[in-house]
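Trainee: Quick note on the working numbering: the sequence shown kicks off at 8 and runs consecutively.
Hints listed in this document are in silico derivations from the structure and should not be mistaken for laboratory results. Treat the hints with caution; some may be incorrect.
[To be verified] Quick list of simulated restraints, FRET-style, between CB atoms:
1. S41 - P86: 36 to 44 Å
2. L249 - E224: 44 to 52 Å
3. I45 - T81: 19 to 27 Å
4. N210 - T244: 12 to 20 Å
5. I181 - N85: 19 to 27 Å
6. T219 - T189: 30 to 38 Å
7. S133 - N85: 32 to 40 Å
8. N204 - T239: 14 to 22 Å
9. F186 - P86: 31 to 39 Å
10. N140 - S229: 26 to 34 Å
11. G253 - Q108: 16 to 24 Å
Ideal Cβ placement from N, Cα and C applies to all residues, glycine included.
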Amino acid sequence: GISSGAPNENQTLTVTASNSNPALVTNLNVSYTSPSAIGTVAFALAPDASGSATITVTVNDGGASNNLISRSFTVTVNPVNDPPTLDQLRNLTLDEDALPQSVNLTGITSGAPNESQALTVTASNSNPALVTNLNVSYTSPSGTGTVAFALAPNASGSATITVMVSDGGASNNIVSRSFTVTVNPVNDPPTISDIPNQTNHQNTVIGPVAFTVADVETPPGSLTLSANSTDTLLVPTNNIVLAGSGGNRTVTVTPAANQSGTALITVTVQDADGGSASSSFLVVVWPPLEIRSIARQTNDTIVIRFAGIPGRAYEVEASPDFSAWTNLGIATEGGPGQFEFEDTGGVGLAARFYRLLAP
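Start from the sequences and build out the full structure, keeping to the hints where you can.
Mentor: Rendered as structure tokens:
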């Protein structure tokens, strides 16, 4: 509908436009070539802005009276809730049983500078059997936060953690960012319980002494056991016998005949992947009991003194002829390894035989 007015007029027309609100409407531009009857007015909106602006279009024919015609229209821009923002998150690769992790969150905003909603940050986890204790630390309106998590013991695989920022606005806009946690499997070594130190006299079998073995990934019955001795003259390796089944095992040690001393025995358990664990214990072999003296006292009692293993409870037995033995009681340890027993039942006897029993 653009024209110079009357059919007998043919002035060159110009079309211009003005804008009442440049903060809202930008890049106002008119496209028109005279004497065309049509043209266009183009404009853009300022980012994250709302409100209204009046656009006035003016046609000028440049005639003697420089006649003008104007037409106006209003541009109304409704406010829209912009989604919040959150920077992308990097994937993580960890080994099984790694320490608890903390991932930094950055670039958290409500979306546009003119928006100030209270933000909430939450996180979800696709594999709770692998990733545990998922926790978000964030206080609005900060631009940063953290998401922390731990790994389940002895677990491997992958989990997707999704972090969501919500602004609670009219359209309740949410932005989500996800990252993958990949946990590589690691061989867990087997375990073995402590084996207590063992003490006994020469020519005495020690054991069987019980201990246990276990493994997270391997059935206990499939574990391999071995043993060695630091003194093979006292305890030859072949004299260490490992027995039992599953997780319940025993070790029996037979010291070499007529030998005394101390050897460190180490029992090692190993799985098929080379993981191992060891338990060591001392084997202390004492010489035979040493009778120091057997003497009749002035009161006609008989006192027996002998050397033995400190802390042991030795039983004293007596017999008149080696055929029947009577338990007289437990010897008293006066000093470390020094024992004494007073026999009051031998008064008046012509002969009395004794023997010592080590439990």
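Trainee: Are the hints correct? Go through all of them and say.
Mentor: Here is what the structure says about each hint:
A hinted range of 36 to 44 Å for the beta carbons of S41 and P86 is consistent with their spacing of about 40 Å. Between L249 and E224 the Cβ separation comes to about 22 Å, which falls outside the hinted range of 44 to 52 Å. For I45 and T81, the hinted distance range of 19 to 27 Å is satisfied, since their beta carbons lie about 22 Å from each other. Judged by the Cβ atoms, the range 12 to 20 Å given for N210 and T244 holds: they are separated by roughly 19 Å.
Between I181 and N85 the C-beta distance comes to about 21 Å, which sits within the given range of 19 to 27 Å. Taking the beta carbon of each, T219 and T189 are about 34 Å apart, inside 30 to 38 Å as hinted. S133 and N85 have their C-beta atoms about 38 Å apart, which keeps the hinted 32 to 40 Å range intact. For the pair N204 and T239, the beta carbons lie near 19 Å from each other, so the given range of 14 to 22 Å is met.
Distance hint check for F186 and P86: the Cβ-Cβ separation is about 33 Å, which falls inside the suggested range of 31 to 39 Å. In this structure the hint that N140 and S229 lie 26 to 34 Å apart at CB holds, the actual value being about 33 Å. Hint check: G253 to Q108, Cβ distance near 36 Å, so the stated range 16 to 24 Å is violated.
The earlier numbered hints that this structure contradicts are 2, 11.
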